[in-house]
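Based on the sequences and whatever the hints tell you, model everything.
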Amino acid sequence: MRSLQDSLGQFDSRRVRLVAISVDPPEINLEHCRKQGYTYTFLSDTKSEAIRAYDLAHAGGGPGGADIGRPAEFLIDSTGTVRWVNLTDSILVRARPEQILEEVDGLGLAPARGE
Amino acid sequence: MKRRLNLSVWLGFLVVLAAAFTYVPVFSRFPATRDFPWANLLMFGAGLALIALGLRRAFREPELYRGKVAGSIVMGLGVALLAFFCFGLFYLGRQLPASSGAPRVGQKAPDFTLPDKDGSPVTLSKLLDVGASGADRVNGVLLVFYRGFW
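Protein chains in written order, with the numbering used here: chain A, 1 to 115; chain B, 1 to 150.
By construction, these hints were calculated from the structure, which means they are not laboratory data. It is possible that part of the hints are untrue.
[Stated by the list, open to error] Below, computed lysine to aspartate or glutamate pairings styled on DMTMM-like, alpha-carbon distance capped at 20 Å:
| # | chain 1 | residue 1 | chain 2 | residue 2 |
| --- | --- | --- | --- | --- |
| 1 | A | K47 | A | E27 |
| 2 | A | K35 | A | D55 |
| 3 | B | K108 | A | D55 |
| 4 | A | K47 | B | D116 |
| 5 | A | K47 | B | D111 |
| 6 | A | K35 | A | D6 |
| 7 | A | K35 | B | D136 |
| 8 | B | K108 | A | E49 |
| 9 | A | K35 | B | D118 |
| 10 | B | K126 | A | D6 |
[Unchecked claim] Heads up, incomplete: computed chain A residues facing chain B, CB under 10 Å, no partners named:
| # | residue |
| --- | --- |
| 11 | P26 |
| 12 | H32 |
| 13 | C33 |
| 14 | Q36 |
| 15 | A50 |
| 16 | A53 |
| 17 | G62 |
| 18 | P63 |
| 19 | S78 |
| 20 | I91 |
| 21 | A95 |
| 22 | E102 |
| 23 | L109 |
For glycine and all other residues, C-beta sits at the position ideal for the given N, C-alpha and C.
Structure, rendered in structure tokens:
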């Protein structure tokens, strides 16, 4: 999450919005973003609605056996179509911003300014 | 003659403790040391080597160095910590659902409306819709699902 914040300018310049989603309630997200200085969008999926719609539910995967969402990234274009998916097989390994930006550029999702 | 404290054993134990307990608060914050925990594994290696050195000393020169019993216990603990560390990271960390029903490339992304950190509802399709034209044009949205529980 930190590395995404550090690369936020590069996502902004490509007009790609960052949206983070977890089961944490808004108050926790507010507090966390304030503490960590995160300025992109954090959404609360306390009932796992989106998490289930994307088939990412990890039943009992959280502390104390709580149901959570597994880590995953989806790049969605302006028509609402999925253009790139990353389903990691380890909670340690997340997509790196450089890799995602490369995908954005490779897909031609964000034409250079002025086009 | 009073036997010397076997420093190597205790120093090694400290290094092993550091190896076991610095991953989450420190090394998992940097992608280079998070994706593969080589920094912590190196520390485990160094710590266990120090304990082994101390143990050898204790058994070879028992009249000079203490630590035959304590050193053996510390070695056992160190190996157990390493096993626990590897189990957690390489086994538990990979126990993720297959998510075979997750949207694939080329499919429509399921729409949703969820509250942001201020409680205001945010809808995916509306975020993208801003998109069509104008200065606020959006080329895409990156959804980052994460485990939460912060």
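Hints and how they fare:
In summary, the hint linking K47/A to E27/A is supported, as the alpha carbons are separated by about 15 Å, within the 20 Å threshold. Between the alpha carbons of K35/A and D55/A the distance comes to roughly 30 Å, so the proposed pair goes past 20 Å and is violated. Between K108/B and D55/A, the direct Cα distance comes to roughly 14 Å. Compliance with the 20 Å bound is thereby established for this hinted pair. Our distance criterion of 20 Å between C-alpha atoms is met by K47/A and D116/B, whose separation comes to about 14 Å.
About 15 Å separates the Cα atoms of K47/A and D111/B, which keeps this hinted pair within 20 Å; it holds. Of the supplied pair hints, the one linking K35/A and D6/A holds, its CA atoms being roughly 15 Å apart against a limit of 20 Å. Under the criterion of a C-alpha separation no larger than 20 Å, the hint pairing K35/A with D136/B is inconsistent with the structure, at around 28 Å. Of the supplied pair hints, the one linking K108/B and E49/A holds, its CA atoms being roughly 17 Å apart against a limit of 20 Å.
Note on K35/A and D118/B: the hinted pairing holds, with a Cα-Cα distance of about 15 Å set against a maximum of 20 Å. For the proposed pair K126/B and D6/A, the alpha carbon gap of about 26 Å is over 20 Å, so the pair is violated. Checking P26/A against chain B: minimum C-beta separation of about 5 Å stays under 10 Å; hint holds. The criterion of a C-beta within 10 Å of any C-beta in chain B is met by H32/A, whose closest approach is roughly 5 Å, and the hint holds.
Of the supplied interface hints, the one on C33/A holds, with its beta-carbon coming within about 6 Å of a beta-carbon of chain B, less than 10 Å. At about 9 Å, the closest approach between the beta carbon of Q36/A and any beta carbon in chain B falls short of 10 Å, and the interface hint on this residue holds. Residue-level restraint check for A50/A holds (minimum Cβ-Cβ distance to chain B is 4 Å; threshold 10 Å). Because the smallest distance between the Cβ of A53/A and any Cβ of chain B comes to about 4 Å, under 10 Å, the interface hint for this residue holds.
Taken as an interface hint, G62/A checks out: its beta carbon lies about 5 Å from the nearest beta carbon of chain B, inside 10 Å. Annotation: P63/A was flagged as interfacial toward chain B, and the flag holds, the nearest CB pair being 5 Å apart, inside 10 Å. The closest approach between the C-beta of S78/A and any C-beta of chain B is roughly 4 Å, which is under the 10 Å cut-off, so the hint is satisfied. Of the supplied interface hints, the one on I91/A holds, with its beta-carbon coming within about 5 Å of a beta-carbon of chain B, less than 10 Å.
The interface hint given for A95/A is met, as the beta carbon of that residue sits about 8 Å from the closest beta carbon of chain B, less than 10 Å. For E102/A, the shortest C-beta to C-beta distance to chain B is roughly 13 Å, which exceeds 10 Å, and the interface hint is violated. Hint on L109/A holds. Least Cβ distance to chain B is approximately 5 Å, under the 10 Å limit.
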